[in-house]
Amino acid sequence: MEKNEYQVGNLIFVIIVLFSVSFLLISIPYQTKWFDGIPLVKQPRLWPTFCITGMALFSLIYSLQIWQNYKIEGRIQSELKELQSWAKPFEFVVYFLLYVWLVPLAGYLLSTLLFFFLLTIRQGYRTRSMLLISLVTGFGIVVVFKSLLKVKISSGAIYEYLPDGWSTFFMVYF
Amino acid sequence: MDVILSSFEIFLRWDVWVAILIGSVGGVIIGAIPGVGPAVAIAILLPATYSMDPIIGITVLLGIYGSAMYGGAIPAILINTPGTPVNALTTYDGYSMTKNNMARRAITLAYWSSFTGGIFSIIALIFMTSLIAKVAPLFGSRDILMAALLGLILVVISHRKQTLIAGFLVFFGMFISTVGMESVKYSKRFTYDQSWLLSGFDLITVLLGLFAVSQALILLTGNDKKVPMPSLKGGKHEGFFGLIKYKIVAAISASMGVIMGIIPGVGEFLAQFFSYNIARSISKKPERFGKGAPEGIIAAEAANNAVPAAAMIPLLALGIPGEALTAMMLSVFYVHSIIPGPDLFENNLDFVYGLYESLFIINIIVMVFLLFATKSLLRIIQIPQRFLGITILGLSFVGVYTLRNSFVDCIMCAFFGILGYVLKKLDLPIVPIILGMVLGNIMEQKFRASQARIDTIFDYVNRPISGTVFAIIVIALSIHFWVVWRQYKKNKLIH
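Protein sequences appear in the order of chains A and B.
For reference, each letter of the first sequence is one residue, going 0 to 173 in numbering that gives the first Met the number 0.
For reference, each letter of the second sequence is one residue, going 0 to 494 in numbering that gives the first Met the number 0.
What the hints contain is simulated information worked out from the structure, not anything from laboratory work.
Note that the coordinates shown come from a computational prediction; the quantities given were computed from them, not determined experimentally.
Quick reminder that beta carbons are idealized off the backbone N, C-alpha and C, glycines included.
Accuracy of the hints is not assured; some may be wrong.
To be verified - Below 30 Å or equal to it, Euclidean Cα-Cα: the simulated DSS-like pairs (lysine-lysine) are:
no., chain 1, residue 1, chain 2, residue 2
1, B, Lys235, B, Lys290
2, B, Lys235, B, Lys283
3, A, Lys87, B, Lys225
4, B, Lys246, B, Lys423
5, B, Lys244, B, Lys290
6, A, Lys80, B, Lys423
7, B, Lys284, A, Lys80
8, B, Lys284, A, Lys70
9, A, Lys70, B, Lys290
10, B, Lys133, B, Lys225
11, B, Lys184, A, Lys41
12, B, Lys423, B, Lys290
13, A, Lys87, B, Lys284
14, B, Lys284, B, Lys246
What the hints assert, rightly or not - To be clear about the criterion: a stretch of chain B counts as covered by chain A if any three or more of its residues have a C-beta under 8 Å from a C-beta of chain A, and this derived list gives those stretches:
no., stretch
15, 24–33
16, 179–190
17, 363–375
18, 398–407
19, 476–483
As the list claims (entries may be wrong) - Partner residues are not named here, just some residues of chain A that face chain B (Cβ under 7 Å, in silico):
no., residue
20, Cys50
21, Trp66
22, Tyr69
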C-alpha cells in the first residue's frame, strides 16, 4: 500500500469512480462500433476499451487501498459531511451559468457589471469601496477583452433597442 | 549562425516588445498572487490571443509561462504561501529567513537564483538546438509513440504516494480524448446520441474547468486570510553576493532543471526535489536546510526556473508536452497554426531560436522589474481571496465563451470545474488528466500510423530511438517498483 493517511471524502470519491467506470464498461458495446474486415488496431472500439480497462484496473486497486485505510481511520459521518461540502460550489456554478445565459440578452457589459456587483455582495463585501472596485474590475475586463482585444462574444439583444449610432457602438465595443 | 541572426528580426517589431513586456510583467504579477498561477492565466488568456498575430499571442503567453515562478517566490518567502505550486519548496528556507529578519536577502536570493536557472537553461538549449535539429527528424511514429508512453508513465510514477490515482486520472484523460467522432470510420464514440458530444471535449474547455473554474470555486468557498506584511530591509544586491558564494549549488540546480525539463512528464517538482537533496548533501551545514539555508532557496529556484525553457524541447521537437503548462503551450502553437514536431526544427529553425531569444529577454526584463518593484508587488498579495475568486470566474467566462460562444461549452467547463474542485479538496492531482488527454490523442494517432511497419509486437522497439526510449521506460518502472517494494517492507517492519 502506498499511502497510509486517509483523506476524508476519498471513500465517497472512489464509490462515484467505481460506478462511473462500471457504467462506461457496460456502455462499450453500445457506444462504440466494431467493423468487420478491419484489423483490430484500426477498430474504433480498441482505444476507448483500452482506456476504460486502464481506468477500471487502477480504480479497483485504488479502491482497495482506500478501503483498507478507511477501515482504520475513516468515519461515515465525516464522509457525509465532506460530501455536503462538495455541494457548496454548485451555488457559484449556477451564478456562472446564469451569467453565461444573460450575456446574449443583456450584453457583455451589463451582465459582467451585474455578475461582479452581485457576487461581491454575496461574498459579504458591503463597503462602498469594495463595491466600486468590483464594478471597476468588471468594467476593466470588458474593456480589455471586448473593446481592445476584440474577443468574439455575442452582442446583447438589448442593444437593438438603443438608438442607431449607440446600438452599433455598443455591439462592437461592449 | 545565419539562422540565429535572422531570428533576431522579430525584435525589430515594436508590438513584439510590447507583448514581451506585458507577458513578463503580467506573469510576475500573476505568479505573485497566491491562488492564481500561470496555468489559470494561460488558460484564460489563450482564447483572447486567437485574434492576435501568432508571434504576439505566443510571446504574451510565453512571457507568463517564463516569469510566473519568479513572482511565485515572493509570497512563498514572505507569507509562507507559494504563489505557484512549484514554489512550495521555497517556503522551507525562504520563510524561515523571513522570520529571522532576512526577508530582503531571501527574496533577492530567489530572484538571482531564478535568473541564473532561466538564463543557464536558455543558453544550454541554444547550443543544443543544432543537435536537436539533427535528431528530431529521425523520430518516426513508433519513436513518438514510445516517447509519449514514457511521458505518461513518468507522470504517473512521479506522483509519489499517489501513483494509483494518477494512473486512473491519466487513463481518464485518455478516455475523454476519445469521446466524439473518430477519424478512421467516422463512427461515434461515447456520445450517447447527444449532438453536443459529437465534437468531443475541447482541451481548452477542460483546462479552464480543471484549472481556472476549480480554483475560483476553491477561493469562493474559502475564507479570506489576513496577511501580515514583513518589512523588507537591506540592499537589492544581497542575494547576488549570496548566489556567488553558492555558485556550485546554482550550477548543479540549473543543470538538474535542464535535464528534468527535457524529460517529458517530470517537470519542476522533481527537478527541485533532486536539486534540493543534492544541495543538502554537499552542504557543510546540512542541518540548516528547512530552517533558513540560502542554498535551499538557490536549489529550488534555480532548478524550477531552468525547466520552462528545457520543457520546450520535447514540445517543439516532438510535439510532446511534459506537463500541464507545456500542454497549454501546445494548444497555443496549434491555435496559431504552428505545428510542433520534427518538421519545425527542419523548416522553422529561426522561429525556435526566436522563442529562446524571447525567453532570454523575458528573464532580463523580469529581473530588472523585480529589483525595483518588489515593494509595490507586496500589495498584490493582499487582494482578498474571495474577491480573487469572483475575478477568476469572470475571466473564465471570457476564456470558454470566446471559443464558440456556446452555452454547452460553459456547462462542460463548469462540470470540469467541479471535478477539479473535488480533486483539489481531496489533495489529488489534476495534471495527469491533461497529459492523458493530450498524449493519449497523440498515442492513438501514432499507434495507427505505425501499423504499416508492424508485424510483431517487437517491431515497436526495434528502432534505435524507440528501443532506447523503451529501455528508459523499463528502467524507470523497475526503479519505481523497487522503491515501492522497499517502502512496503519498511512499513511492515515498523508495524
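Here is what the structure says about each hint:
1. Distance restraint check for Lys235 of chain B and Lys290 of chain B: the Cα-Cα separation of roughly 23 Å lies within the 30 Å cut-off, and the hinted pair is therefore satisfied.
2. Between Lys235 of chain B and Lys283 of chain B the alpha-carbon distance is near 26 Å, which keeps this suggested pair within the 30 Å criterion.
3. For the given pair, Lys87 of chain A sits about 23 Å from Lys225 of chain B by alpha-carbon distance, which is consistent with the 30 Å threshold.
4. Between the alpha carbons of Lys246 of chain B and Lys423 of chain B the distance comes to roughly 37 Å, so the proposed pair goes past 30 Å and is violated.
5. Of the supplied pair hints, the one linking Lys244 of chain B and Lys290 of chain B holds, its CA atoms being roughly 19 Å apart against a limit of 30 Å.
6. Restraint check for Lys80 of chain A and Lys423 of chain B: the C-alpha separation of about 17 Å stays at or below 30 Å, so the hint holds.
7. Taken as a hint, the Lys284 of chain B and Lys80 of chain A pair is broken in the structure, with Cα atoms around 46 Å apart against an allowance of 30 Å.
8. Annotation: proposed proximity of Lys284 of chain B to Lys70 of chain A is violated, straight-line Cα distance about 43 Å (limit 30 Å).
9. With a C-alpha separation of about 37 Å, the suggested pairing of Lys70 of chain A with Lys290 of chain B is violated against the 30 Å cut-off.
10. Distance restraint check for Lys133 of chain B and Lys225 of chain B: the Cα-Cα separation of roughly 54 Å exceeds the 30 Å cut-off, and the hinted pair is therefore not satisfied.
11. Pair hint Lys184 of chain B plus Lys41 of chain A holds up; C-alpha atoms about 9 Å apart against a cutoff of 30 Å.
12. Distance hint between Lys423 of chain B and Lys290 of chain B is fulfilled; the C-alpha atoms sit about 28 Å from each other, no more than 30 Å.
13. The straight-line distance between the Cα atoms of Lys87 of chain A and Lys284 of chain B is roughly 48 Å, outside the 30 Å bound, and the hint therefore fails.
14. Straight-line distance between C-alpha atoms of Lys284 of chain B and Lys246 of chain B comes to about 16 Å, which keeps the hinted pair within the 30 Å bound.
15. Evaluation of the coverage hint for the stretch 24–33 of chain B: breached, as 0 residues show C-beta separations to chain A shorter than 8 Å, against a requirement of three.
16. With a cut-off of 8 Å between beta carbons, the stretch 179–190 of chain B has 8 residues touching chain A; three or more are needed, and the interface restraint holds.
17. Check on the stretch 363–375 of chain B: 0 of its residues sit with their Cβ under 8 Å from a Cβ of chain A, so the three-residue criterion for coverage is violated.
18. With 4 residues carrying a beta carbon less than 8 Å from a beta carbon of chain A, the stretch 398–407 of chain B meets the three-residue requirement, and the given coverage holds.
19. Proximity of the stretch 476–483 of chain B to chain A, defined as three or more residues with a beta carbon under 8 Å from a beta carbon of that chain, is not established by the 1 residues found.
20. Interface hint status for Cys50 of chain A: upheld, as the beta-carbon distance to the closest one in chain B is roughly 4 Å, under 7 Å.
21. Proximity of Trp66 of chain A to chain B is violated relative to the hint, the smallest CB-CB distance being about 13 Å (cut-off 7 Å).
22. Annotation: Tyr69 of chain A was flagged as interfacial toward chain B, and the flag is violated, the nearest CB pair being 13 Å apart, outside 7 Å.
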